[in-house]
Amino acid sequence: MDQEKTWKEIPWGGLILDAGNAQEYHTGDWRTERPVHIMENCKHCMYCWICCPDSAVIVKDKKMVGVDFDFCKGCGICMKVCPFDAIKMVVEGEEGD
Amino acid sequence: MARSMAMAGNIAAAYSTKQINPHVVAAYPITPQTTMMEKFSEYVANGEVDTELICVESEHSAMSACVGAAAAGGRVITSTAANGLALMFEIVYIAASNRLPIIMCVMNRALSAPINIHGDHSDSMGCRDSGWIQIYNENAQEVYDTMFMGVRIGEHKDVRLPVMVNLDGFITSHKIEKVDTLEDAEVRKFIGEYEPFYPLLDIENPVTYGPLDLTDYYFEHKRQQVEAMEKALPVVKKISKEYSNYTGRNYDILESYHLDDADCAIVTMSSTAGTTKFVVDKMRSEGKKVGMLKVRLFRPFPVEEIRECLSGLKSVAVLDRSASFGGFGGPLFNEIRNAMYDVDGKPSIVNYIFGLGGRDISAVQIEGVYDRLMTAQAKMPGDVHYIGVRGD
Ligand code: SF4
Ligand code: SF4
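Protein chains in written order, with our numbering: chain A, 1 to 97; chain Y, 1001 to 1392.
No lab work stands behind these hints: they were computed from the structure. Since the structure is predicted, the reported quantities are computational estimates derived from the model, not experimental observations. Mixed in with the good hints there might be a few duds.
Derived lysine-lysine pairs resembling DSBU-like cross-links, with alpha carbons at most 35 Å apart [said to hold, decoys possible]:
#1 A:K5 x Y:K1157
#2 Y:K1238 x A:K5
#3 Y:K1346 x Y:K1222
#4 A:K5 x Y:K1231
#5 A:K73 x Y:K1222
#6 A:K5 x A:K43
#7 Y:K1346 x A:K5
#8 A:K8 x Y:K1282
#9 Y:K1241 x A:K8
#10 Y:K1222 x A:K5
#11 A:K8 x Y:K1288
#12 A:K8 x Y:K1238
#13 A:K8 x Y:K1189
#14 A:K8 x Y:K1157
#15 A:K8 x Y:K1237
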């Protein structure tokens, strides 16, 4: 977001007029823990993809292939909902397995 | 043809709401507002309006529903009083901050505790910094007319702010008076079609209301609200004039009564202005140079216009129907004396607090204030006085 705009140049009330501009805001900046995908356990059930509040689960050819760390905020919901222990959370900066 | 009708202030508010035919009304009953919503519910039940009436479980919900409906793109009206307004407080600010031109009638009533259902201005004065335009009305006719002006003012493209239409609880809300009305078609012509700005229901142009706004932009959005209030002042004047021409009933942001050659004056608001006019007439017939200034528009506060009206007077008493505990006099006094501070040869200005909890103020008491103003040589001793409280 352009930080230089004056009160004369912005929509009133803090209204956001451009749809989908959440894409410009990298919620991944906040992350303190990081999901690690354990591919051999994954059944590609897409449950994590449905539940992720930031649409950060990457799916290719109907397969869960990883996490978009620009947007993953590390909430751990994917780990919590995964029925197959295919996601674990590790503290940011520490190694996953 | 326009008709004269006998109506209490609340019925005038309900009848004008019916003629406005808003998309949504959301309200919760509270004395002395209740009879307005009872009457309006009747119109809804009879199919006389197209309005979606939302009966909510509290005033907090009432204002929340109004905010949602207005953001969706509707013309929205509500009403409340006293503790109901206090319960709404959080959302009252949100309505103004989101720039939603909601109309709210407030039947001014004392705040608890102890519980009191009668008229004073402590409720709306608590909201004076909320970003709502505030207009205080003397009688049922003013209430009726101000509703239509309020719609135009709030919805004006330079303004887009909610408007509080204030009337004195019971004194005006329940007293039956003659009200000259407009035809529905005349009302429709004056208020025009509603033009929503950034409606949520416009799915082709999606918008987000109420996002997080921290140290980087919140201040700028508040600065915009200050500007909107500044722009509201000429708009209120212009629309009052337009309405006066339309109906032949004169409206302005202030009403001065025998001020031109007066030595001393009382400044007050709402129904007390009527009593004060009666006293001015009596004292004028005795050759006494007294006058009155009625403040209709309290937010935005018309500083320049107040200066014009009060310069040249010797002494002024500001009558406040609410107390500001720990403050330097009542809210109206604060504004008036502050506005006059830089005026050369300004009058001496004192404050009288009166009428809390609906305590009557009599013509004799008002005459007593004028007598004291006239006998005080230069400046009356003391700043803040009380009318009608036992023990002074
Ligand atoms: S919920 Fe678990 S098993 Fe299902 S796709 Fe996500 S990681 Fe794979
Ligand atoms: S940790 Fe939260 S944000 Fe990150 S992928 Fe999992 S559900 Fe999405």
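* Asked: Okay, which hints does this one fail, numbers in order?
  -> Checked against the structure, the hints that fail are numbers 6, 7, 8, 11, while the rest are satisfied.
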